[in-house]
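There are 2 protein chains.
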Amino acid sequence: MSRQLSDPDPTQTLEAELTWTGERFEPDIRITVERSGRIADVTKISEADPAATRMAGKALLPGFVNAHSHAFQRGLRGRGESFPAGAGSFWSWREAMYELAGGLDPDRFHRLYVETFREMRRAGITTVGEFHYLHHANAGELDFRFDEAVLAAATEAGIRLVLLEAFYRSGAIGQPLAGAQRRFSTPDAESYWRQMDRLAPMLNDRQTLGAVAHSIRAADPGEVAELYAEARRRGLVFHMHIEEQRQEIADCIAEYGATPMALLNDRLDQFDGFTAVHCTHTESTEMSRFLAAGGSVCLCPLTEANLGDGIADIAAVHQAGGTLCLGSDSNARISMVEEMRWAEYVQRLAGEQRGVLRDESGSVARPLLAAATVAGAHSLGLDTGRIEPGHWADFIAIDLTCPTLAGWQPETLLTTLLLGTAEETIAATCVAGEWAG
Amino acid sequence: MSRQLSDPDPTQTLEAELTWTGERFEPDIRITVERSGRIADVTKISEADPAATRMAGKALLPGFVNAHSHAFQRGLRGRGESFPAGAGSFWSWREAMYELAGGLDPDRFHRLYVETFREMRRAGITTVGEFHYLHHANAGELDFRFDEAVLAAATEAGIRLVLLEAFYRSGAIGQPLAGAQRRFSTPDAESYWRQMDRLAPMLNDRQTLGAVAHSIRAADPGEVAELYAEARRRGLVFHMHIEEQRQEIADCIAEYGATPMALLNDRLDQFDGFTAVHCTHTESTEMSRFLAAGGSVCLCPLTEANLGDGIADIAAVHQAGGTLCLGSDSNARISMVEEMRWAEYVQRLAGEQRGVLRDESGSVARPLLAAATVAGAHSLGLDTGRIEPGHWADFIAIDLTCPTLAGWQPETLLTTLLLGTAEETIAATCVAGEWAG
Chain A
1 MSRQLSDPDP TQTLEAELTW TGERFEPDIR ITVERSGRIA DVTKISEADP
51 AATRMAGKAL LPGFVNAHSH AFQRGLRGRG ESFPAGAGSF WSWREAMYEL
101 AGGLDPDRFH RLYVETFREM RRAGITTVGE FHYLHHANAG ELDFRFDEAV
151 LAAATEAGIR LVLLEAFYRS GAIGQPLAGA QRRFSTPDAE SYWRQMDRLA
201 PMLNDRQTLG AVAHSIRAAD PGEVAELYAE ARRRGLVFHM HIEEQRQEIA
251 DCIAEYGATP MALLNDRLDQ FDGFTAVHCT HTESTEMSRF LAAGGSVCLC
301 PLTEANLGDG IADIAAVHQA GGTLCLGSDS NARISMVEEM RWAEYVQRLA
351 GEQRGVLRDE SGSVARPLLA AATVAGAHSL GLDTGRIEPG HWADFIAIDL
401 TCPTLAGWQP ETLLTTLLLG TAEETIAATC VAGEWAG
Chain B
1 MSRQLSDPDP TQTLEAELTW TGERFEPDIR ITVERSGRIA DVTKISEADP
51 AATRMAGKAL LPGFVNAHSH AFQRGLRGRG ESFPAGAGSF WSWREAMYEL
101 AGGLDPDRFH RLYVETFREM RRAGITTVGE FHYLHHANAG ELDFRFDEAV
151 LAAATEAGIR LVLLEAFYRS GAIGQPLAGA QRRFSTPDAE SYWRQMDRLA
201 PMLNDRQTLG AVAHSIRAAD PGEVAELYAE ARRRGLVFHM HIEEQRQEIA
251 DCIAEYGATP MALLNDRLDQ FDGFTAVHCT HTESTEMSRF LAAGGSVCLC
301 PLTEANLGDG IADIAAVHQA GGTLCLGSDS NARISMVEEM RWAEYVQRLA
351 GEQRGVLRDE SGSVARPLLA AATVAGAHSL GLDTGRIEPG HWADFIAIDL
401 TCPTLAGWQP ETLLTTLLLG TAEETIAATC VAGEWAG
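Sequence order for the protein chains is A and B.
Per my numbering, residue 1 is the first one in the first sequence, and the count goes up by one each step.
Per my numbering, residue 1 is the first one in the second sequence, and the count goes up by one each step.
Excised from the complex, chain A in its bound form:
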């Protein structure tokens, strides 16, 4: 690059060798970024601007949007993976996670978040939706100290953040919080929204809030409906874990006579701004109702595989035209390209065919990139994920000389990136016009 990208110019002008313009990589594209950190202009040029930052040997992609993360679970990497008593499950893993959650103090928590968010940026993630339920430093005391630590860590790491603040009242259906769960407590909707009001003035210009009901284990159907209604009244997106595990569905049927998704479909008549995370075992009719009413689905391929959740029928979500986004969830590994390829690969293995998540042109790479960019931005309610005027200047610079890309052509580059590489191709990332890496 011919000059420092961090120069405090009122605007910056970028001319990369190739730029992703939504459908393809194109040469001769000039991007102008406003001082505000938004893209002012994206133009096809016939000659180079001598004042522009030339990014020779680089391709620009929109930054990845990680729509579902629990960053503190990065502290479990390499742990909870020994099974001396026989095969494990989500539930035995959850015990290890609770042990971590119960032992973190605010300082260690903050350091862990800074490290994890930095690791995300190195993996091309410029926006994270942090689904945050570890609110209190001591079990049973409502201090919300961890909430502020999340905001501070995101600022330090320079990542765009949607703090998806989780409502968490019960420890299971009809059960009080127990043990480490008491650190997750939001006793009622009133205290929940009071905390949201407390957080709002602390946000910087790269931070927004989203509302969350943790799951049908942590909130009853009436609470979910009320939280969602209030979230939409406030213009906030809404996220919820749905049907990741069969046990949760069985417990829900036993208590309410219906699956979690059926309960939601019966109570809510639209799902704008609603993201259902996982949907591993969601019955197809209920999935169709949810999608038709505007809901999004967030898949977390690496975590769902690590946890042995099962194989979601994502082929059906895709065929129904549903919005599919991606999350790094437990952060046992942070790699959006690996998430993308295995979203498709798991469907290939299950269906014994290739090209399951293809678009009408037959491309698999484009829908996968859309899941990691525009669909994530939609799920989080942000103007990011596209290199278009008015959107945030959130980019990834790909090093086209990287050996794992060798043999690329403009028309094969995206597929080569998503199926053939990992983080070694990511030379730098940019959030709101500020570069790092």
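Hints are computed from structural coordinates only; laboratory data are not their basis.
Okay, the calculated bits of chain A under chain B, using three or more residues with CB under 8 Å as the criterion:
(1) 67-81
(2) 117-124
(3) 336-347
For each residue, glycine too, the CB sits at the ideal point set by N, CA and C.
Place chain B on chain A using the hints.
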């Protein structure tokens, strides 16, 4: 490192911060490497040797053994992944692969192999079993020019090679070779063994030969049995593609009245040195017979997922105590750590449980590493994959300061590596005492 590892000393002495000794990472281990490239000694030390090469901040692993590769298919990376006419299959992918195979000249082939073998070394692979069937530069002319190019490329890239020279007589059961397949031709066993005899004196001290029947499509059951018998007489390992695709099994039953694996079980009474590659759809009784008679299975998780082959019952192979090794096969992506984690993860998704490929202590990481090292070495008939006296000095140096490893402890390091990282942790690799990277 305190001195150049490439110094032409008669021996070298290595002291890494941690060394994998077969069951765990241990500090204070000194490795002495003979001039021959073999390990002379592995000793627990009480004080540092001032003349040793100190590898501070590094952990030594045995180099990965890639037991099944078709390196030329690296040329397809990013290609054959568009499906304008609807979902694709192994067979439609094969057309794209034949197009590549039909168009390569020896020079381009050689360059592709050098690049691919170098990419393997950067991914920690110190040994490759190259299952090689593209023998001729022109369809129908038996020149075997590509065979020599494989040897030359491996020498250039400094990778240990087992040239698994493939016998390929028919294009499908009872069908002649057609189109690009004519470049694969070995018309009969006599010309096959003649070529093996021609290759033997061309090998360097890091190269050996193995025998191959490409598949039941390319060789009839009698030919397979004869090739295997002759291979064992010569002390060569034997590899064969088995039951990757349902169509191949159906065709085999139609012609011979039995599945490929059943035919082998009926004809051969032992399978020492025999590696069956894939076994995606192998029936469990036949699999048990094969394993009980000494056969190995080679799984290729990334390729089998990319090709939509289906989910092999590897849990059963593991429970039967079968030898399971790993291959990068089509090389659409080259990452042994991703191969390892998805070998386990696919089983977790299919079985909805965690820790499927665990050993008696409950570890998942140890059996996965064994698959990528000792089991691969067994499949290829080599003294590598272990850091033990008498074995080749084939190592990976892991950079312990890599951020994706942050939080490691000696007892969690292997799991962190295999489940949480990719190639960014690999600082250097060593083949027969010679370091690169």
